[in-house]
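Build the full structure now, drawing on both the sequences and the hints.
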Amino acid sequence: MIEVSQFVDAVQQGGVVAFTGAGISTESGIPDFRSPGGVWSRNRTIYFDEFCRSPSARYEYWRQKSEAHRDFVGAQPNVAHQTLVKWQQQGLLQCVITQNIDGLHTAAGTERVLELHGTAREVQCLDCSWRDRVDRWVEEFLVTDLVPV
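Residue 105 is where the sequence shown starts when you use the working numbering, and the numbers rise one by one after that.
Certain hints may be false.
[As the list claims (entries may be wrong)] Derived DEER-like restraints, expressed as beta-carbon distance ranges:
no., residue 1, residue 2, range
1, Thr-130, Gln-193, 20 to 30 Å
2, Ser-160, Val-120, 44 to 54 Å
3, Asp-175, Arg-235, 19 to 29 Å
4, Gly-127, Arg-216, 15 to 25 Å
[To be verified] Think about it this way: if two alpha-carbon atoms lie no more than 25 Å apart in a straight line, the pair counts; the simulated DMTMM-like pairs of lysine to aspartate or glutamate are:
no., residue 1, residue 2
5, Lys-190, Glu-215
6, Lys-190, Asp-113
7, Lys-169, Glu-226
8, Lys-169, Glu-219
9, Lys-190, Glu-219
10, Lys-169, Glu-243
I should point out that these hints are in silico values taken from the structure, not numbers from a laboratory.
Glycine included, C-beta positions come from ideal geometry on N, C-alpha and C.
Spelled out as C-alpha coordinates, the structure:
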(Lines of atoms letter the chains of each structure in order from A; the text may use other names.)
(Lines give C-alpha, C1' and ligand atoms only; values in the text may rest on other atoms or scores of the structure.)
Protein backbone atom coordinates (compact mmCIF):
# COMPACT_ATOMS: atom_id res chain seq x y z
CA MET A 105 0.00 0.00 0.00
CA ILE A 106 1.29 3.50 -0.79
CA GLU A 107 1.57 6.34 1.66
CA VAL A 108 -0.83 9.27 1.47
CA SER A 109 2.03 11.56 0.45
CA GLN A 110 2.83 9.27 -2.52
CA PHE A 111 -0.81 9.39 -3.59
CA VAL A 112 -0.87 13.20 -3.32
CA ASP A 113 2.29 13.37 -5.46
CA ALA A 114 0.70 11.12 -8.12
CA VAL A 115 -2.43 13.29 -8.19
CA GLN A 116 -0.41 16.48 -8.51
CA GLN A 117 1.54 14.98 -11.40
CA GLY A 118 -1.67 14.03 -13.20
CA GLY A 119 -0.90 10.33 -13.20
CA VAL A 120 -4.14 9.10 -11.69
CA VAL A 121 -6.59 6.72 -13.32
CA ALA A 122 -10.05 6.33 -11.77
CA PHE A 123 -11.57 2.85 -11.67
CA THR A 124 -15.33 2.92 -11.12
CA GLY A 125 -18.15 0.43 -10.75
CA ALA A 126 -21.84 0.32 -9.93
CA GLY A 127 -21.53 2.35 -6.75
CA ILE A 128 -20.80 5.56 -8.62
CA SER A 129 -24.08 5.43 -10.57
CA THR A 130 -26.55 4.22 -7.94
CA GLU A 131 -27.09 7.83 -6.82
CA SER A 132 -28.21 8.51 -10.41
CA GLY A 133 -30.91 5.85 -10.09
CA ILE A 134 -29.06 3.06 -11.90
CA PRO A 135 -29.55 -0.28 -10.12
CA ASP A 136 -26.47 -2.36 -9.46
CA PHE A 137 -26.10 -5.88 -10.79
CA ARG A 138 -24.92 -7.98 -7.86
CA SER A 139 -26.73 -6.91 -4.69
CA PRO A 140 -29.95 -8.58 -3.50
CA GLY A 141 -32.64 -7.19 -5.77
CA GLY A 142 -29.98 -6.25 -8.35
CA VAL A 143 -30.29 -6.95 -12.05
CA TRP A 144 -28.63 -10.38 -11.88
CA SER A 145 -31.02 -11.57 -9.18
CA ARG A 146 -34.04 -10.63 -11.33
CA ASN A 147 -32.90 -11.76 -14.77
CA ARG A 148 -31.27 -14.75 -16.37
CA THR A 149 -27.87 -14.03 -17.89
CA ILE A 150 -27.86 -14.30 -21.68
CA TYR A 151 -24.39 -15.29 -22.86
CA PHE A 152 -23.13 -14.30 -26.30
CA ASP A 153 -23.05 -17.82 -27.75
CA GLU A 154 -26.63 -18.44 -26.64
CA PHE A 155 -27.69 -15.06 -28.05
CA CYS A 156 -26.22 -16.03 -31.43
CA ARG A 157 -27.79 -19.46 -31.69
CA SER A 158 -31.17 -19.09 -29.94
CA PRO A 159 -34.10 -16.92 -31.08
CA SER A 160 -35.67 -17.22 -27.62
CA ALA A 161 -32.43 -16.02 -26.00
CA ARG A 162 -32.35 -13.01 -28.35
CA TYR A 163 -35.94 -12.22 -27.41
CA GLU A 164 -35.12 -12.49 -23.68
CA TYR A 165 -32.07 -10.26 -24.17
CA TRP A 166 -34.18 -7.56 -25.84
CA ARG A 167 -36.87 -7.87 -23.17
CA GLN A 168 -34.25 -7.31 -20.48
CA LYS A 169 -32.56 -4.52 -22.46
CA SER A 170 -35.87 -2.72 -22.94
CA GLU A 171 -36.63 -2.97 -19.23
CA ALA A 172 -33.19 -1.66 -18.26
CA HIS A 173 -33.38 1.10 -20.88
CA ARG A 174 -35.99 2.87 -18.76
CA ASP A 175 -33.43 3.23 -15.97
CA PHE A 176 -30.64 4.37 -18.29
CA VAL A 177 -32.56 6.83 -20.45
CA GLY A 178 -33.61 9.08 -17.57
CA ALA A 179 -30.41 8.86 -15.55
CA GLN A 180 -28.21 11.91 -15.24
CA PRO A 181 -24.58 12.12 -14.12
CA ASN A 182 -24.26 12.86 -10.41
CA VAL A 183 -21.74 14.78 -8.31
CA ALA A 184 -19.21 11.93 -8.44
CA HIS A 185 -19.27 11.83 -12.27
CA GLN A 186 -18.97 15.63 -12.41
CA THR A 187 -16.08 15.62 -9.95
CA LEU A 188 -14.11 13.25 -12.17
CA VAL A 189 -14.70 15.62 -15.11
CA LYS A 190 -13.36 18.55 -13.07
CA TRP A 191 -10.29 16.56 -12.04
CA GLN A 192 -9.64 15.66 -15.66
CA GLN A 193 -10.02 19.30 -16.75
CA GLN A 194 -7.56 20.32 -14.02
CA GLY A 195 -5.04 17.77 -15.30
CA LEU A 196 -5.29 15.64 -12.16
CA LEU A 197 -6.88 12.61 -13.82
CA GLN A 198 -5.68 10.81 -16.95
CA CYS A 199 -8.69 8.63 -17.68
CA VAL A 200 -11.61 6.69 -16.23
CA ILE A 201 -11.89 2.92 -16.50
CA THR A 202 -15.36 1.71 -15.60
CA GLN A 203 -17.27 -1.53 -15.30
CA ASN A 204 -20.49 0.43 -15.81
CA ILE A 205 -22.54 0.22 -19.00
CA ASP A 206 -24.70 3.28 -18.26
CA GLY A 207 -22.66 5.84 -20.24
CA LEU A 208 -22.87 8.43 -17.45
CA HIS A 209 -19.14 9.21 -17.47
CA THR A 210 -19.36 10.18 -21.14
CA ALA A 211 -22.63 12.05 -20.56
CA ALA A 212 -20.92 14.04 -17.80
CA GLY A 213 -18.22 15.12 -20.25
CA THR A 214 -15.37 12.86 -19.22
CA GLU A 215 -12.82 12.39 -21.98
CA ARG A 216 -10.82 9.16 -22.26
CA VAL A 217 -13.31 6.68 -20.80
CA LEU A 218 -12.79 2.94 -21.15
CA GLU A 219 -16.05 1.03 -20.66
CA LEU A 220 -14.84 -2.50 -19.91
CA HIS A 221 -18.24 -4.12 -20.47
CA GLY A 222 -19.38 -1.88 -23.32
CA THR A 223 -22.31 0.49 -23.19
CA ALA A 224 -26.06 0.05 -22.95
CA ARG A 225 -26.54 3.24 -24.98
CA GLU A 226 -25.56 1.67 -28.31
CA VAL A 227 -26.14 -1.48 -30.31
CA GLN A 228 -23.81 -3.06 -32.85
CA CYS A 229 -24.56 -5.23 -35.87
CA LEU A 230 -22.96 -8.65 -35.52
CA ASP A 231 -22.43 -8.92 -39.28
CA CYS A 232 -20.91 -5.55 -40.25
CA SER A 233 -20.11 -3.90 -36.85
CA TRP A 234 -22.30 -0.87 -37.67
CA ARG A 235 -23.24 0.97 -34.46
CA ASP A 236 -26.29 3.03 -33.57
CA ARG A 237 -27.93 4.60 -30.55
CA VAL A 238 -30.11 2.03 -28.83
CA ASP A 239 -33.22 4.21 -28.37
CA ARG A 240 -34.99 3.56 -31.65
CA TRP A 241 -34.25 -0.18 -31.50
CA VAL A 242 -35.74 -0.48 -28.01
CA GLU A 243 -38.79 1.49 -29.16
CA GLU A 244 -39.18 -0.81 -32.17
CA PHE A 245 -39.01 -3.87 -29.91
CA LEU A 246 -41.56 -2.42 -27.48
CA VAL A 247 -43.99 -1.56 -30.30
CA THR A 248 -43.63 -4.69 -32.43
CA ASP A 249 -42.54 -7.28 -29.84
CA LEU A 250 -40.08 -8.47 -32.50
CA VAL A 251 -36.32 -8.78 -32.07
CA PRO A 252 -34.50 -6.17 -34.20
CA VAL A 253 -32.61 -7.68 -37.12
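Checked hints:
1. Thr-130 to Gln-193: 20 to 30 Å: Given range 20 to 30 Å: holds, Cβ gap about 25 Å.
2. Ser-160 to Val-120: 44 to 54 Å: holds, 45 Å
3. Asp-175 to Arg-235: 19 to 29 Å: holds, 21 Å
4. Gly-127 to Arg-216: 15 to 25 Å: Holds - the Cβ-Cβ distance for Gly-127 and Arg-216, about 21 Å, lies within 15 to 25 Å.
5. Lys-190 to Glu-215: holds, 11 Å
6. Lys-190 to Asp-113: Distance of about 18 Å is within 25 Å: holds.
7. Lys-169 to Glu-226: Within the cut-off at roughly 11 Å; holds.
8. Lys-169 to Glu-219: Distance ~18 Å between Lys-169 and Glu-219 Cα, so the pair holds.
9. Lys-190 to Glu-219: Holds: Lys-190 and Glu-219 sit about 19 Å apart, inside 25 Å.
10. Lys-169 to Glu-243: Given that 25 Å is the threshold and the Cα spacing comes to 11 Å, the pair holds.
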